[in-house]
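Engineer: With the first letter of the sequence shown counted as 1, position 89 gets the number 89 in the numbering used here; the numbers rise by one all the way through.
Take the hints with a grain of salt, since some may be wrong.
Claimed, not checked - DEER-style ranges, computed between Cβ atoms:
id, residue 1, residue 2, range
1, Q68, T89, 37 to 43 Å
2, T89, R118, 22 to 28 Å
3, N50, A109, 20 to 26 Å
4, L47, T89, 14 to 20 Å
5, G86, G18, 41 to 47 Å
Unchecked claim - In silico DSS-like pairs for lysine-lysine, Cα to Cα no more than 27 Å straight-line:
id, residue 1, residue 2
6, K61, K2
7, K2, K19
8, K54, K2
9, K54, K19
10, K61, K19
By construction, these hints were calculated from the structure, which means they are not laboratory data.
We put the beta carbon where it would ideally sit given N, CA and C, even for glycine.
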Amino acid sequence: AKAADCQQMVAQTESTFGKLNVLFNNAGIMHSRDDNAMTTEEEIWDLTININLKGVFLGCKYGIPALQRAGGGSIINTASFVALLGAATPQIAYTASKGGVLSMTRELAVIHARENIRVNALCPG
1 AKAADCQQMV AQTESTFGKL NVLFNNAGIM HSRDDNAMTT EEEIWDLTIN
51 INLKGVFLGC KYGIPALQRA GGGSIINTAS FVALLGAATP QIAYTASKGG
101 VLSMTRELAV IHARENIRVN ALCPG
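All chains, full assembly: derive it from the sequences and hints.
Structural biologist: Right under this line is the structure:
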């Protein structure tokens, strides 16, 4: 996840459509080498957290000011049922990243509710 890409995405949306109404943070990976805490390589952990969690953070970092300028809107973050239940097969980085997305979603929902910005998470599974 790169800040400049997220910033450009929001700027282009506002330029093209006049405002941002909905932000859907849906990018994510589950790497084939994501396993348990003992065998998952740090490189796989960092890659997964960077895309799955940092990507949502950066989308919100640049999307929320646009939603504020628009007078409100909606943010939808894709989490996963594993954020609540854990996974039947080892996938420590993915599960941790989606738990982070769920927690961040709750925090953002509380912070921005008074600004007419709804923040929700989808937990497919």
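Engineer: If a hint holds in the structure, say so; if it does not, say that too.
Structural biologist: Checked hints:
For Q68 and T89, the Cβ-Cβ distance of about 41 Å falls inside the hinted range of 37 to 43 Å, so the restraint holds. A beta carbon spacing of about 33 Å between T89 and R118 contradicts the range 22 to 28 Å that was offered as a hint. Between N50 and A109 the C-beta distance comes to about 24 Å, which sits within the given range of 20 to 26 Å. Remark: the range hint 14 to 20 Å for L47 to T89 is upheld by a beta-carbon distance near 19 Å.
Evaluation of the 41 to 47 Å hint for G86 and G18 yields a pass: the beta carbon distance comes to about 43 Å. A hinted pair counts as satisfied when its Cα atoms are at most 27 Å apart, and K61 with K2 qualifies at roughly 12 Å. Distance hint between K2 and K19 is fulfilled; the C-alpha atoms sit about 22 Å from each other, no more than 27 Å. Taken as a hint, the K54 and K2 pair is honoured in the structure, with Cα atoms around 9 Å apart against an allowance of 27 Å.
Between K54 and K19, the direct Cα distance comes to roughly 24 Å. Compliance with the 27 Å bound is thereby established for this hinted pair. For the given pair, K61 sits about 16 Å from K19 by alpha-carbon distance, which is consistent with the 27 Å threshold.
When the structure is compared with the earlier hints, a violation turns up for hint 2 alone.
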